[in-house]
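Quick mapping for you: the protein sequence lines, in order, are chains X and Y. Just so you know, the first sequence maps onto residues 1 to 131 in my numbering. Just so you know, the second sequence maps onto residues 1 to 134 in my numbering.
If you're looking for bench data, these hints aren't it; they were derived computationally from the structure. Predicted, not measured: the structure shown is a model, and the values here were computed from it. A portion of the hints provided could be inaccurate.
Keeping only pairs whose Cα atoms sit at most 20 angstroms apart, straight-line, the calculated EDC-like set for lysine to aspartate or glutamate is [to be verified]:
no., chain 1, residue 1, chain 2, residue 2
1, X, LYS11, Y, ASP123
2, Y, LYS133, X, ASP117
3, Y, LYS122, X, ASP104
4, Y, LYS122, X, ASP15
5, Y, LYS122, X, GLU98
6, X, LYS11, X, ASP89
7, Y, LYS45, X, ASP89
8, Y, LYS122, X, ASP89
9, Y, LYS133, X, ASP118
Covered, in the sense of this in silico footprint (three residues per stretch, anywhere, with C-beta under 8 angstroms from a C-beta of chain X), are these stretches of chain Y [what the hints assert, rightly or not]:
no., stretch
10, 6-16
11, 59-67
C-beta atoms are modelled at their ideal positions from N, C-alpha and C, and glycine is treated no differently.
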Amino acid sequence: MFDTVTSTVVKTALDGLAMRQRVTADNVANVNTPQFLAGRVQFEDALRQAVESGQGFDGETRAQISRVALSDEASQPSLSRSLEPTRTDGNNVNLDHEVISNIDTQLRYQLMIRAMDDQYGGIRAVISGGA
Amino acid sequence: MSIFPAIGISGTGVTVHRKWLDAISDNLANINDVRPTSGEAYRAKQVIAQAVDYGDGNGGVQVGGIVEGNAEGRLVYAPDNVMADAEGYVRYPDIDLADQMGQLLMAQRGYASNLAVIDRAKDSYQQAIQLGKG
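Isolated chain X, as found in the complex (with noise of 0.2 angstroms):
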């Protein structure tokens, strides 16, 4: 019963959205390094596929589908080289984006965080009675 859709849901992209956060500081920590690609974090589409997969299906059976579809290999956040223009110095980190990106997946983050504390305070809520 605690397994639901959106605890899996937020699960991974709370594992998604740490990536991003350490490839984000990885990037910046590689500001001024020569030949260095900034690394790009991918897992949204992957999620929203795996989550797509589920429906038709009601609760448990979702719930089972979708993390199924999660638990495969191709679902997993995945990293690649930016292609963007680089530097003199063979470097294309952009720390503008770096920063917007890090302030985004920093709250992103946060709110997750918040969503998986609201679960557990229903079942909290609902193991105490409400008391």
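Fit chain Y to the supplied structure of chain X, relying on the hints for placement.
Same frame as chain X, now just chain Y:
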């Protein structure tokens, strides 16, 4: 990597930029060094950054090496200097002040950017730690 990877990665960025700042201040401190023409001029130090574990994107950065400037420097005619040779020349290091100041700005900005990332990562991790207390 630590249990809070983003902080560790940005930490390596702070370290590299710190070392770069150290190298620049060393170069600037020695920009007017005078040596006799029989010896080497002060050699400017240039920090080369290098990515750690470039493939998986969670490695960070390190100092790959220090490239030293030329030992020849530039010869300056200063017959009054006690180090002047028979022709009246001394050796100054071949350091461009404008270039060093430009690098100083880049190093400083890089340092500050990494600290800002640490700050934002810290906020996120703090919330994650609070998870379930609500």
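These are the hints, each one checked on the structure:
At most 20 angstroms may separate the alpha-carbon atoms for a hinted pair to count; LYS11(X) and ASP123(Y) meet this at roughly 19 angstroms. Taken as a hint, the LYS133(Y) and ASP117(X) pair is honoured in the structure, with Cα atoms around 8 angstroms apart against an allowance of 20 angstroms. Restraint check: the Cα-Cα separation between LYS122(Y) and ASP104(X) comes to about 15 angstroms, which is no more than 20 angstroms; the hinted pair holds. For the hint linking LYS122(Y) to ASP15(X), the alpha-carbon distance of about 17 angstroms falls within 20 angstroms, and the restraint holds.
At roughly 17 angstroms between alpha-carbon atoms, LYS122(Y) and GLU98(X) fall within 20 angstroms of each other, so this suggested pair holds. Of the supplied pair hints, the one linking LYS11(X) and ASP89(X) is violated, its CA atoms being roughly 39 angstroms apart against a limit of 20 angstroms. A threshold of 20 angstroms between alpha carbons decides the hint, and for LYS45(Y) with ASP89(X) the separation of about 18 angstroms falls inside it, so the pair holds. The suggested pairing of LYS122(Y) with ASP89(X) is violated, with an alpha-carbon distance near 31 angstroms, which exceeds 20 angstroms.
For the hint linking LYS133(Y) to ASP118(X), the alpha-carbon distance of about 11 angstroms falls within 20 angstroms, and the restraint holds. Requiring three or more residues with a Cβ within less than 8 angstroms of a Cβ of chain X, the coverage given for the stretch 6-16 of chain Y holds, as 7 such residues are present. Note: the stretch 59-67 of chain Y has 3 residues with beta-carbon separation from chain X under 8 angstroms; the three-residue rule is met and the coverage holds.
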